[in-house]
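Build out the structure end to end from the sequences listed, making use of the hints.
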Amino acid sequence: MEPLSETQVIKDLRQTEDPSAQYYAAWWLGKMRSQHPDTIPLLLRALAALDAAPIDPEQRGVALNAIRALGLLRDKRAEKALLALLHCNDYTVREEVVRTLGAMGSCGAVEGIRALLASGLEGAGAEQPSTPLLNEPCEALLEALGDIGDGSNSNLAVIQPFTEHPRPLIRSAACRALLQLTGLDQWGMELKKLLNHPEPLVRRGALLDLGATGWLAAVPSIRSAAVEPSLKLVALRALAERNDNPNDVLDAMDELL
Amino acid sequence: MTTSALDQALQKLERATSTPELVKATQALCALNDLEAAKPLVKVLGFNNPAVAAVATQGLIQLGPDIVPTLLVSLDARNYGARAWVVKVIAALRDPRGLDLLEHALQADIAPSVRRSATRGLADLELSEDAEHDQLERCFEGLLKAVRDDEWVVRYAAVYGLEQRLYSAAVSTHLAEQGRAALNQLASDAEGVRVVQLRALKALQRLNAG
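Going down the list, the sequences are from chains A and B. If you're matching positions, the first sequence starts at 1 in my numbering and goes up one per residue. If you're matching positions, the second sequence starts at 1001 in my numbering and goes up one per residue.
Just to be clear, a hint being listed does not mean it is correct.
[To be verified] With the C-beta cut set under 10 Å, the calculated list includes, among others, these residues of chain B facing chain A:
(1) G1046
(2) F1047
(3) S1117
(4) T1119
(5) A1123
(6) L1127
(7) L1144
(8) R1148
(9) W1152
(10) A1157
(11) A1181
(12) R1194
(13) V1195
(14) R1199
[Stated by the list, open to error] Short, incomplete list of chain A residues facing chain B, as computed with Cβ under 10 Å:
(15) V110
(16) L121
(17) L216
(18) N247
[Said to hold, decoys possible] Derived BS3-like pairs: lysine-lysine, alpha-carbon spacing no greater than 30 Å straight-line:
(19) B:K1024 <-> B:K1039
(20) A:K192 <-> B:K1024
(21) A:K192 <-> B:K1202
(22) B:K1202 <-> A:K31
(23) A:K193 <-> B:K1145
(24) B:K1039 <-> A:K31
Don't read these hints as lab results, they were simulated from the structure. These figures come from a predicted structure and were not determined experimentally. We put the CB at the ideal spot given by N, CA and C, even for glycine.
Quick look at the structure:
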């Protein structure tokens, strides 16, 4: 198959007859880090479908891919439209928007994210009846607060209760954020405990969370964790890229190849 | 080692139905440390069960280079999952008889983790005395291909490999120049992944110091 040209992909996203071509185009522009002048305007146009009532399910899919692409492109022009979507009543849209705003390091999103978490374990962190979802996408919200990096007391106070959440992956996200924002070892120790959890999924989550914090003391536990080497390499990459002197991390990576 | 211990372990493996049972039976087979266990362990790699395959892989590596011929002949070329594990074993054993397999895996395998293992193998294979020059050249060519891989982790492994191979006294000037040029490129902004850059810089620093 011929590789797609950027011009063709832009055309695919602009047309409206074939939503599956739009869906793929939105993904492609993010994946390829497109710098085309029409990329951001067209991705933003795709978000408009979320204002329609009822929302067309295919256009919703295109919009979700557009949100993810914006997270990879990290263009400030998208911030305003994304902030408005924090209040969207579609859980998945809120989740993806929060991930994107976190990746962009959007300081403007802090207040909105905090508001979504403020109801704590009984509200945001409670399970929706008869679904596996919580009321809010807590994992994404906690991670975004940590990534944005505003360690104000009001942020720390909102995150802290989630370190006691019944679900280990939510606890992991909360500890990750607190370690990022405070640099206190105690949160790293909590994450290390989760690396020994009986569930492989929890061990993987805690491993990636430790990587994202850049906490160098995590290297020995990452090396010895019962997780596949491919994932350890991903976590160690994150750790190395967040440190000025990553020599020990690179040595650990060499061993895992 | 008595035959009956091997037979017993094989029977246990035969009867195992759940993953924990398979893991246990495979562990028992590995614990025998018997070359005769190599063939059934290769068969276990084809069960498409990662937990069991990981145990069998460790067992095969423990058995050492003597199993390489068995590995190469019992390998079912159509069983994709089993191939991936065999690449890992060959890479870990550093046996030059696996060179063909590693070259092929690097070129043709879809899974990045397999291409990564193959690259690692090309970095660490112990070369045969009578064919050192030819084998070193093939390892270098493979590593230079890995430098252009789409996956960062394969390029990272290529940096590791080029560094190892550039320490060797047997490298021709021509290969050494190509290897250095590749490392320089991966250390520059042309490389989009920071950790690959960092590793290439470290390799160049050490090579220049030595």
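Cross-check of the supplied hints:
1. G1046: Check failed: Cβ of G1046 of chain B comes no nearer than 19 Å to chain A, outside 10 Å.
2. F1047: Constraint on F1047 of chain B not satisfied, violated at 17 Å.
3. S1117: holds (8 Å)
4. T1119: holds (7 Å)
5. A1123: Interface hint status for A1123 of chain B: holds (8 Å vs cutoff 10 Å).
6. L1127: It is violated, given that the least Cβ distance between L1127 of chain B and chain A is near 19 Å, above 10 Å.
7. L1144: violated (17 Å)
8. R1148: violated (15 Å)
9. W1152: OK, holds: W1152 of chain B within 10 Å of chain A, min 7 Å.
10. A1157: Given a least distance of 5 Å, the restraint on A1157 of chain B holds.
11. A1181: Status violated, d = 22 Å.
12. R1194: holds (5 Å)
13. V1195: Constraint on V1195 of chain B satisfied, holds at 5 Å.
14. R1199: holds (6 Å)
15. V110: violated (26 Å)
16. L121: violated (34 Å)
17. L216: With a minimum Cβ separation of about 14 Å from chain B (threshold 10 Å), the hint on L216 of chain A is violated.
18. N247: Nearest chain B Cβ about 7 Å off; hint holds.
19. B:K1024 <-> B:K1039: holds (18 Å)
20. A:K192 <-> B:K1024: Holds, because 28 Å separates the two Cα atoms, which is no more than 30 Å.
21. A:K192 <-> B:K1202: holds (29 Å)
22. B:K1202 <-> A:K31: holds (29 Å)
23. A:K193 <-> B:K1145: violated (41 Å)
24. B:K1039 <-> A:K31: Violated: K1039 of chain B and K31 of chain A sit about 43 Å apart, past 30 Å.
Of the numbered hints given earlier, the model fails hints 1, 2, 6, 7, 8, 11, 15, 16, 17, 23 and 24; all others are met.
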